[in-house]
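Residue numbers (the working numbering), protein chains in the order written: chain A, 1 to 237; chain B, 1001 to 1128; chain C, 2001 to 2393; chain D, 3001 to 3124.
Honestly, I wouldn't trust all of these hints.
[As the list claims (entries may be wrong)] Cut-off 20 Å, straight-line C-alpha distance, at most; resulting in silico cross-link-like pairs (EDC-like, lysine to aspartate or glutamate):
(1) LYS15/A - GLU2194/C
(2) LYS2130/C - ASP2093/C
(3) LYS1104/B - GLU220/A
(4) LYS3049/D - ASP1059/B
(5) LYS2327/C - GLU2214/C
(6) LYS2003/C - GLU2373/C
(7) LYS2190/C - ASP47/A
(8) LYS1013/B - GLU206/A
(9) LYS1053/B - ASP3052/D
(10) LYS1102/B - GLU206/A
(11) LYS2190/C - GLU1003/B
(12) LYS2075/C - ASP140/A
(13) LYS1010/B - GLU93/A
(14) LYS1066/B - ASP3052/D
(15) LYS1104/B - GLU206/A
(16) LYS3055/D - ASP1056/B
(17) LYS3049/D - GLU3066/D
(18) LYS2184/C - GLU2168/C
(19) LYS1102/B - GLU220/A
(20) LYS19/A - ASP107/A
(21) LYS3055/D - ASP1059/B
(22) LYS19/A - ASP2187/C
(23) LYS2192/C - ASP47/A
(24) LYS2357/C - GLU2376/C
(25) LYS2003/C - ASP2338/C
(26) LYS2192/C - ASP16/A
(27) LYS2327/C - ASP2338/C
(28) LYS2130/C - GLU2119/C
[What the hints assert, rightly or not] Quick list of simulated restraints, FRET-style, between CB atoms:
(29) ILE2375/C - PHE24/A: 48 to 54 Å
(30) LEU2122/C - SER1112/B: 47 to 53 Å
(31) ALA1127/B - VAL3121/D: 30 to 36 Å
(32) LYS3049/D - LEU1011/B: 40 to 46 Å
(33) GLN2259/C - GLY3016/D: 36 to 42 Å
[Claimed, not checked] Just so you have them, the derived chain A footprint on chain C, three or more residues with Cβ under 8 Å:
(34) 2070-2081
(35) 2140-2152
(36) 2253-2263
(37) 2375-2388
Since the hints were derived computationally from the structure, they do not count as laboratory data. Beta carbons: idealized from backbone N, C-alpha and C, even for Gly.
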Amino acid sequence: MVDLWHVTFEVFRQKDNQKSHFNFFELDINPDEYVLDGIERIWAFTDRTLVFSHACHHSTCGACGMLVNGVEKLTCITSIRDVTRDGGKIRIEPLRNFPIISDLSVDMSSLYSRMEAVGHQPILPIQEEDSKGKVKSEGDLLRLADCIECGLCISACPIALTTSNYIGPAVLAGAQQHGELTPCILELVNSENGAWRCHSAYECTEVCPSNVDPAWRIMELRRKIIANRFSSFFTRK
Amino acid sequence: MSEYPQQPGKLIKWFDPRHRSLGSWAFILNRVTGLGLTLYLFLHLIMLGQLAKGPDAYDGFIALVKNPVFLVGELLVIAAALIHGLNGIRVGLTSFGIGNSKQKQLFIILMSLAAVAIIYFAFRMFAH
Amino acid sequence: MDKPHVIVIGAGFTGVAVAYDLAKRGMDVTVLERGPIANGTSGRTHGLLHSGARYAVDDQESAIECIDENTILRKIAAQVIEPNGGLFVGIDDSDMNYRDKFIEGCQECHIPLEEYKPEIALRLEPELTKKIRTAILVPDGTFDPLRLALAFAASAKFHGAKFRLFCEVTGFLFDGLGNVTGVKFSDRTKGKMEELSADIVVSATGSWCGEVAEMAGDPNIPIRPTPGVMVTYDQRLCQRVINRLNEPGDGDIIVPQRQMITVGTTSFEADNLDYIPVTEQQVNLMYHRGCELIPSIANTRERGAFMASRPLVDSGLKGRSLARTFKCFDHKVSQNIDGLVTITGGKATTLRLMAEKTVDLVCQKLSFPAACETIETPLISYRQYFSIPNEVN
Amino acid sequence: MHDGFDVKSRMGESAGAWFFKVASGGLIILVLFIHLVINHLIVEGGLLKYADVVKYYQTWIVPFMEVFFLIFVVSHSLIGLRSVLLDLHPSNQVLRWLNRGLVVIGCAAIIYGTWLVFVIVGRG
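Construct the complete structure from the given sequences, taking the supplied hints into account.
Set out below in structure tokens:
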């Protein structure tokens, strides 16, 4: 039997646009469990009113992104051992830069709609280009894309802090992944709120839990837009 | 449901490096030095107006800026220019797809260079 | 006649599929879910799109359902499916003894298969154990759990269904005779109680359907929640699903997904369904069983471990022998409670079929003549779930 | 704002401005380096006397270099300042005035600086 840790969860609470506050929950918990397990325990045994989002519990759905001690984490794969110590505390807050539905759950509609608009492919050939080079070809096999639309990158981005109009790292990465710059996509990513807003803080890549490397993709996208602009400049007339 | 939380008033958080990684330090430094240098640029242009007034005005002014307070100011400007310029090299390179996976190392190397240069200039200026 | 109003409790796979089918047939639908979409068993699956081969020997009814639905889902939900097939891999004598039964079973259930010699199998999947003696390719696949549910939910919304998330049903509304006429629920985002009446209530609460039926006065749903553990590793070591060619057992399946693989699963019984802890012992078991099939799992990092509770319908047997098929209960028949239908059991792969049968029953009870049309039409993009407005009445 | 789009076209951040910012940044680094070498390594003690400054400006290339430097520095700094202000998401009206204001300030600074250079050259 493993030794249990005594951990205090400081959980952000907000209902129905009322004033927010923190609740403290003390748990004796196996440190190899994940932060999301701790939150689910609180809901199951202590406070049934706690609202939080989750689904797959193995980092393929992207629903459980939260701030753990101030840093964006996918709580289902963040073990308690990695973020606190025995007798320590864990501060849980909802993602930044999204409207709060309640407590720890945020509304990511804008992210999903934008991903749709830039044509991010949820399923793609296994041979796919990423920042570490191409993965070797495997015939006509397909796999699910890396981006799980968890919103961590948008929460971590300093530009998204002040304007909700910036379409955000995930979406720009989605446009890059889509490959083709159709006029609609170009209008979105080459706009004021698109690729030119990035100021190279690399926070997106820092927090991305799923091998997307959004910063690299934004830079690639810029290169593609500039090339596109040059060629359309010379082929016009 | 609440509204989007983003507001211009949150700009203070741009400069909050808590819980953030190295890239944010680059972002913060770039922003602070950029704004500082812009302010300096216009002050500098106005100051250079003394040149138009002839030798006496200008040399008198130079004598004034020789005092330690202005020297510290000048050192700050040199430091800001070095940091902004060297970090700019990183931003420029990565923007063209060079060294994205090594941006942290790049930042550390460039900032070490900046630190060495700043110390060198500080010695030179205060040794006189 | 006005459109009948149907409340669906639960937005797991069954709930969203039922909502989609109801809405597509023209009914007024409200889905009540106590958490976010697919937060229970549905979300926490390894995402295996069954070809049915796993059940072809012991449970042919389920196997046939699976292969039929597998074919349909590949067409209507291609957006969330890795359609790469799966290998049943034989390693030892016991596996090879199972081989003939397995091939025979698959043929009886018209599951297409192709057998490969070890060297060809190793060319397809280089990370497989070198001890491999045979490999049989069947049309397994992988789906993204949340996005499969979202695709159904989006299509349901497209046809007018309303979703109320974070709304936990706390009780039922009755007419004087004990028949269900609606539900009482608490909106957890606001901390407020609400009531909603309906012509019929469908409980699609999976493992929890026993508790829900009890609230309506029927304590006799034969449901046996059977949790299993899954462990995810940080590299995509195979491109196809890898199964052990043997009787269903612990840790006999490896499912690739994105850049990960998930090893599953176990089978036991639990008391509290709202929180079932993962034990180190189970994680170790998955690790060792996984390494038997793909030895290089030993060199990868464990990414996560999780637990899901399958809703198995009790037929008097235990554990893995429980039937994997689903069952639709009309509480009018069992306890003379009208207005409530429970759908439970089954597997993710058969969600559409479960919905079809349930909605057939609902239509029959309401004398609402409409036929199922969910086989042919592809689902709309899962992201539309967020862009179609949800007018709450 | 439910769908999260805002594609009204306005003179916000653009490919051109970004490209110019990076290119001018590179040139500034280059010129600044030359400037530092001349001021601190070639001319001992730096250009601190009025007479030295005037003498320095008599080399034909220097005024040109200084004017180009001025243009790049002023535009780089104002485009940068504008980027920062754009991150605060100004309304269309504010942005319109901002654009005009920055152009006016930039032009004024460049004209003033160029005039200054020629005044000094003329004193030689």
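Hint check:
Only pairs whose Cα atoms come within 20 Å are accepted, and LYS15/A paired with GLU2194/C is accepted, the gap being roughly 16 Å. Proposed proximity of LYS2130/C and ASP2093/C is supported: the alpha carbons are some 15 Å apart, at most 20 Å. The hinted pair formed by LYS1104/B and GLU220/A meets the criterion: a straight-line CA distance of about 18 Å does not exceed 20 Å. Between LYS3049/D and ASP1059/B the CA atoms are separated by roughly 6 Å; this keeps the pair inside 20 Å, and the hint holds.
Distance hint between LYS2327/C and GLU2214/C is fulfilled; the C-alpha atoms sit about 17 Å from each other, no more than 20 Å. Using a Cα cut-off of 20 Å, the hinted pair LYS2003/C and GLU2373/C holds, with the two alpha carbons roughly 18 Å apart. Restraint check for LYS2190/C and ASP47/A: satisfied, since their Cα atoms lie roughly 14 Å apart, inside the 20 Å limit. About 18 Å separates the Cα atoms of LYS1013/B and GLU206/A, which keeps this hinted pair within 20 Å; it holds.
Between the alpha carbons of LYS1053/B and ASP3052/D the distance comes to roughly 16 Å, so the proposed pair stays at or under 20 Å and holds. With a C-alpha separation of about 12 Å, the suggested pairing of LYS1102/B with GLU206/A holds against the 20 Å cut-off. For a cut-off of 20 Å, the pair hint linking LYS2190/C to GLU1003/B stands: about 16 Å separates their Cα positions. At roughly 17 Å between alpha-carbon atoms, LYS2075/C and ASP140/A fall within 20 Å of each other, so this suggested pair holds.
Under the criterion of a C-alpha separation no larger than 20 Å, the hint pairing LYS1010/B with GLU93/A is consistent with the structure, at around 17 Å. With a C-alpha separation of about 17 Å, the suggested pair LYS1066/B and ASP3052/D falls inside the 20 Å cut-off, and the hint holds. Between LYS1104/B and GLU206/A the alpha-carbon distance is near 11 Å, which keeps this suggested pair within the 20 Å criterion. The straight-line distance between the Cα atoms of LYS3055/D and ASP1056/B is roughly 16 Å, inside the 20 Å bound, and the hint therefore holds.
Of the pairs offered as hints, the one joining LYS3049/D and GLU3066/D holds, with about 18 Å between alpha carbons and a cut-off of 20 Å not exceeded. A hinted pair counts as satisfied when its Cα atoms are at most 20 Å apart, and LYS2184/C with GLU2168/C qualifies at roughly 9 Å. Restraint check: the Cα-Cα separation between LYS1102/B and GLU220/A comes to about 15 Å, which is no more than 20 Å; the hinted pair holds. Between LYS19/A and ASP107/A the alpha-carbon distance is near 18 Å, which keeps this suggested pair within the 20 Å criterion.
Distance check on the hinted pair: LYS3055/D and ASP1059/B sit about 15 Å apart at the alpha-carbon level, within 20 Å; holds. Between LYS19/A and ASP2187/C, the direct Cα distance comes to roughly 18 Å. Compliance with the 20 Å bound is thereby established for this hinted pair. Between LYS2192/C and ASP47/A the alpha-carbon distance is near 15 Å, which keeps this suggested pair within the 20 Å criterion. At roughly 16 Å between alpha-carbon atoms, LYS2357/C and GLU2376/C fall within 20 Å of each other, so this suggested pair holds.
Taken as a hint, the LYS2003/C and ASP2338/C pair is honoured in the structure, with Cα atoms around 19 Å apart against an allowance of 20 Å. A distance of roughly 10 Å separates the Cα atoms of LYS2192/C and ASP16/A; the hinted pair therefore holds under the 20 Å criterion. Note on LYS2327/C and ASP2338/C: the hinted pairing holds, with a Cα-Cα distance of about 18 Å set against a maximum of 20 Å. Restraint check for LYS2130/C and GLU2119/C: the C-alpha separation of about 9 Å stays at or below 20 Å, so the hint holds.
In this structure the hint that ILE2375/C and PHE24/A lie 48 to 54 Å apart at CB holds, the actual value being about 52 Å. Between LEU2122/C and SER1112/B the beta carbon distance is about 50 Å. The supplied range of 47 to 53 Å therefore holds. At about 33 Å, the beta-carbon gap between ALA1127/B and VAL3121/D stays in the expected band of 30 to 36 Å. Here the CB-CB span from LYS3049/D to LEU1011/B is close to 43 Å, well matched to the stated 40 to 46 Å.
For the pair GLN2259/C and GLY3016/D, the beta carbons lie near 38 Å from each other, so the given range of 36 to 42 Å is met. Look at the segment 2070-2081 of chain C against chain A: 4 of its residues bring a Cβ nearer than 8 Å to a Cβ of that chain, three or more, so the hint holds. Three residues within the 8 Å Cβ limit are the bar, and the segment 2140-2152 of chain C against chain A gives 6, so the coverage statement holds. Only when three residues or more bring their CB closer than 8 Å to a CB of chain A does the claim for the segment 2253-2263 of chain C stand; here the count is 6, and the claim holds.
Interface restraint, the segment 2375-2388 of chain C with chain A: holds (7 residues with C-beta to C-beta distance below 8 Å; minimum three).
Of the numbered hints listed earlier, not one is contradicted by the structure.
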